[in-house]
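Participant: Sequence:
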Amino acid sequence: MNQHNPDQFRAGGFRSGYRRPEVDAGRVANGPLAVRTLTSESLFDGAYEIGINHGGSLYRLKITRQGKLILNK
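Take the sequence shown: its position 63, counting from 1, is numbered 63 in the UniProt record's numbering, and each next residue is one higher.
Check each hint, because a few of them may be wrong.
[As the list claims (entries may be wrong)] The following label-pair restraints were derived from C-beta to C-beta distances:
no., residue 1, residue 2, range
1, 65, 33, 14 to 24 angstroms
2, 40, 73, 16 to 26 angstroms
3, 46, 70, 11 to 21 angstroms
4, 66, 46, 29 to 39 angstroms
5, 42, 65, 13 to 23 angstroms
6, 70, 42, 26 to 36 angstroms
7, 67, 37, 26 to 36 angstroms
8, 73, 43, 17 to 27 angstroms
9, 34, 65, 30 to 40 angstroms
10, 38, 66, 28 to 38 angstroms
Bear in mind the hints are in silico, worked out from the structure with no lab data behind them.
All C-beta atoms, glycine included, are put in the ideal place defined by N, C-alpha and C.
Whenever a hint applies, use it, and build me the whole structure from the sequences.
Facilitator: Here you go:
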């Protein structure tokens, strides 16, 4: 079972190399934060696996045969 406090992840307390974006940067007139959305087709561009460099670690995002996404470190 996960014993971490979710607020610690939001505050960026677990990844020293990760800079949290400014909270007000995506806020729309006192509404919810705007979420940047990408399609998997544009992200993968025909491939079935991509690499993501996050906080000095390399993650692999893959599309399975069933069309689901899996993220591995």
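Participant: It remains to establish, for every hint, whether it holds in the given structure.
Facilitator: Against the structure, the hints:
1. 65 x 33: 14 to 24 angstroms: violated, 34 angstroms
2. 40 x 73: 16 to 26 angstroms: Roughly 20 angstroms apart at Cβ, these two residues keep to the hinted range, so it holds.
3. 46 x 70: 11 to 21 angstroms: holds, 18 angstroms
4. 66 x 46: 29 to 39 angstroms: violated, 18 angstroms
5. 42 x 65: 13 to 23 angstroms: holds, 21 angstroms
6. 70 x 42: 26 to 36 angstroms: violated, 19 angstroms
7. 67 x 37: 26 to 36 angstroms: violated, 18 angstroms
8. 73 x 43: 17 to 27 angstroms: Holds, since residue 73 and residue 43 (Cβ atoms, about 18 angstroms apart) stay within the stated range.
9. 34 x 65: 30 to 40 angstroms: holds, 34 angstroms
10. 38 x 66: 28 to 38 angstroms: violated, 21 angstroms
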